[in-house]
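Number of protein chains: 2
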Amino acid sequence: MHRIITISREFGSGGRELGKRLAEALGIAYFDKEIIKAVAEHSGLAEQYVESISEKSVSFYYPISYNTTFAGIQPLVGEHTDVIAKQNEIIREMAEKSDAVFIGRAADIVLEDYKPLRIFVYADMDSKVARCLARESDAEDYTPKEMEKQIKKIDKGRANFREMITGNKFGSKDDYDLMINTSGLDIAKLIPAVVAYADCYFDAQKK
Amino acid sequence: MHRIITISREFGSGGRELGKRLAEALGIAYFDKEIIKAVAEHSGLAEQYVESISEKSVSFYYPISYNTTFAGIQPLVGEHTDVIAKQNEIIREMAEKSDAVFIGRAADIVLEDYKPLRIFVYADMDSKVARCLARESDAEDYTPKEMEKQIKKIDKGRANFREMITGNKFGSKDDYDLMINTSGLDIAKLIPAVVAYADCYFDAQKK
Chain P
30 MHRIITISRE FGSGGRELGK RLAEALGIAY FDKEIIKAVA EHSGLAEQYV ESISEKSVSF
90 YYPISYNTTF AGIQPLVGEH TDVIAKQNEI IREMAEKSDA VFIGRAADIV LEDYKPLRIF
150 VYADMDSKVA RCLARESDAE DYTPKEMEKQ IKKIDKGRAN FREMITGNKF GSKDDYDLMI
210 NTSGLDIAKL IPAVVAYADC YFDAQKK
Chain C
30 MHRIITISRE FGSGGRELGK RLAEALGIAY FDKEIIKAVA EHSGLAEQYV ESISEKSVSF
90 YYPISYNTTF AGIQPLVGEH TDVIAKQNEI IREMAEKSDA VFIGRAADIV LEDYKPLRIF
150 VYADMDSKVA RCLARESDAE DYTPKEMEKQ IKKIDKGRAN FREMITGNKF GSKDDYDLMI
210 NTSGLDIAKL IPAVVAYADC YFDAQKK
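Line by line, the protein sequences give chains P and C.
Residue numbering for the first sequence follows this note's numbering, beginning at 30 and increasing consecutively.
Residue numbering for the second sequence follows this note's numbering, beginning at 30 and increasing consecutively.
With the rest of the complex left out, here is chain P (with noise of 0.2 Å):
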């Protein structure tokens, strides 16, 4: 069975690029926006469209309370859901060809089967801010307050979507096996730790 890796993370906490150097280290593949591509290409959908609404709740699109099981809410949200579906077919395919990090997509209850090495990464909301103001385009002008509403935007469809699917609050440390706070840190300096972690993970499970 492949090793994998699941990487969940607060918006601006450096998770994607965590994850990104995390597996260019361990020499595996790495997926985050292939992911949404292959949604895209298979449903017919435009990339934004998917990736739009995979990482948030049904709730946040229909604000209206419904029973949250996905067989009472299919009618209603039959798109969002089919697009969640044919995600988590794609994770599964592509977890099946080699090693693996995924970002996000909560591909760790996708591939629990698995036994994904499962990471949350963090940070404080002044590192987040400062973290997306550095690598804001030019084309976007946030000022800090107006970054930290927008954070607190996408978590809040993260946490959502995480809630809908586990019952957990986002970020529960039984969910995962690794947590980092990556607050003030530089993420390239922290791969070392990482690495020497995922051995010792993954070597617990050969026996």
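Hints in this document: simulated from the structure, not taken from any laboratory.
Bear in mind the structure is a predicted one, so any value in this text is a computation, not a measurement.
If chains are identical, the list can't say which one is meant, so a pair holds when it fits in one copy or spans any two.
Taking lysine to aspartate or glutamate pairs in the EDC-like style, the calculated list, with each CA pair at most 16 Å apart, reads: (1) 115 with 76; (2) 62 with 76; (3) 126 with 63; (4) 115 with 80; (5) 235 with 215.
Once you've looked at the hints, dock chain C against the given chain P.
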């Protein structure tokens, strides 16, 4: 300023072993029972008594609902708060002497001016029960079910102590820099990863 590492942990998760091995690997001081010993010496109280109260909340002993400010409860539970005050003083003295790893006793809060590396160690219940049963002395003879009850009771005390001080839930990610799930892992093999993280953390502090 000295490099301080604090370990908070769920009972049976191997946090103490991790702290001890980490201190050895880094060649720095390690304080655990030593804190109890010093408090007992300074206060004239029995070590066992000091230990019994040093990580539990006031409300754990006095189940009536008090105002949670120390000032408010002082007259009623003088000895308890005296012991905590003495413990905090001793923790501060120890941190002033050298780099060190501290186990429990909310040292991360007491020493927050040091910007300690705050580690939380946890595990799933099955792993904790297995770890506790494996290290059990012949004198005690718990069934797994009894051991689980014991673990929950001890962690309830720690959680109460923690919540009294921080207002946060025990094991809440925002209180920590690194959270390690030790389920199924060999603590000794985890040390290189934690050492690498510590290097990264303290390097960032220098800037």
